[in-house]
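A.B. asks: Residue numbers for the sequence shown follow the UniProt record's numbering, so the first one is 1 and each next one is one higher.
Be a bit skeptical, because a hint or two may be false.
Each computed DSSO-like pair below joins lysine-lysine, with the alpha-carbon atoms no more than 30 Å apart [to be verified]:
id, residue 1, residue 2
1, Lys31, Lys146
2, Lys150, Lys101
3, Lys54, Lys33
4, Lys184, Lys31
5, Lys54, Lys184
6, Lys146, Lys101
7, Lys164, Lys138
8, Lys164, Lys54
9, Lys29, Lys146
10, Lys33, Lys184
11, Lys144, Lys33
12, Lys164, Lys144
13, Lys29, Lys164
Simulated from the structure, these hints should not be mistaken for laboratory data.
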Amino acid sequence: MERGSVFLVLSLCLCLTSCDFFDYDVWEKHKIKAGDHFSGLGVEQVSANTLAYKVRFDSTVVYDLGNVNQDDINKLFGFSGSFRHHQQESARFGWRWNLQKEQVEIFAYMYINGNRISYLMGEADVNEVNEYRIHLTKNGYHLKFKGNHKFYKAPAGVVQFRYKLFPYFGGDQPAPHDMTIHMKRIYE
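Whenever a hint applies, use it, and build me the whole structure from the sequences.
C.D. replies: Below you can see the structure in the form of structure tokens.
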């Protein structure tokens, strides 16, 4: 082998072993741009019964809307549990910035037969990493955050088809500035 070829092969090997290509500790950045609701991803079909992520909210999620929309619950992730629209049948984690506590409030956020249900599960500090887990069984949705569990009974048939839902800002008001949520999928 020529000296140049050996150098090229060794350089390539060194580069590949040091690249993030082999790093399975991948954090996705979900960016919601100012004036938008979606992070760029809408829905994705999923066959797993469990969706689990490590999530970190950075300082870009701090906001003051100056109106009643501050109390709206933004969506983090979850899944629809049937062929129906996710505002008919779904389980998600929700979040909002609490101005008084200066923390991110975390909610179980559900639609069961078209009825919206939300339940405060706890708080997260900016840059704090936490695990969020949603598990679907034939009986319903199990949500877990910081040791808190919430169960919602789901109607029959919810396990036949489901799709993953990604970060969404708002109710009706879009993001006031660019926001980034860092998420790492946990596979079981």
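A.B. asks: Identify every previously stated hint that the structure contradicts and give their numbers, smallest first.
C.D. replies: none
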